[in-house]
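For the sequence shown, numbering that gives the first Met the number 0 gives the first residue as 0, with consecutive numbering after it.
In case anyone wonders, no lab produced these hints; they're calculated from the structure. Computed from a prediction, not measured in an experiment: that's the story for all the values here. Any given hint could turn out to be false.
What the hints assert, rightly or not - 20 Å max Cα-Cα, derived DMTMM-like pairs, lysine to aspartate or glutamate:
id : residue 1 : residue 2
1  : Lys55     : Glu22
2  : Lys33     : Asp18
3  : Lys33     : Glu52
4  : Lys55     : Asp18
5  : Lys33     : Glu22
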Amino acid sequence: MNSTTLLVARQYRLQQWADQIRECQNRSAGVSVKEWCSQHELTTANCYYRLREERKARLDHISYDAISQSIVSVP
0 MNSTTLLVAR QYRLQQWADQ IRECQNRSAG VSVKEWCSQH ELTTANCYYR
50 LREERKARLD HISYDAISQS IVSVP
């Protein structure tokens, strides 16, 4: 696969994970993370891995934006 295809696939996967994470965070008050994961056929380790990877991706994106905004040309 070329790098563009890999990038698109990763972005798609991260978006799916972000949707799952949001759904997990909005679960009913009486449902634990472990129970929610079991209902969605995920292990808790995989759930937390996806959360970690999604957060890293957002931080990388924010860091990149901050760097590009901090570069100022001097006349």
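Going through the hints against the structure:
1. Lys55 x Glu22: Within the cut-off at roughly 19 Å; holds.
2. Lys33 x Asp18: holds (17 Å)
3. Lys33 x Glu52: holds (19 Å)
4. Lys55 x Asp18: Given pair lysine 55, aspartate 18 holds - Cα atoms ~16 Å apart, limit 20 Å.
5. Lys33 x Glu22: Given that 20 Å is the threshold and the Cα spacing comes to 14 Å, the pair holds.
Of the numbered hints stated above, none is contradicted by the structure.
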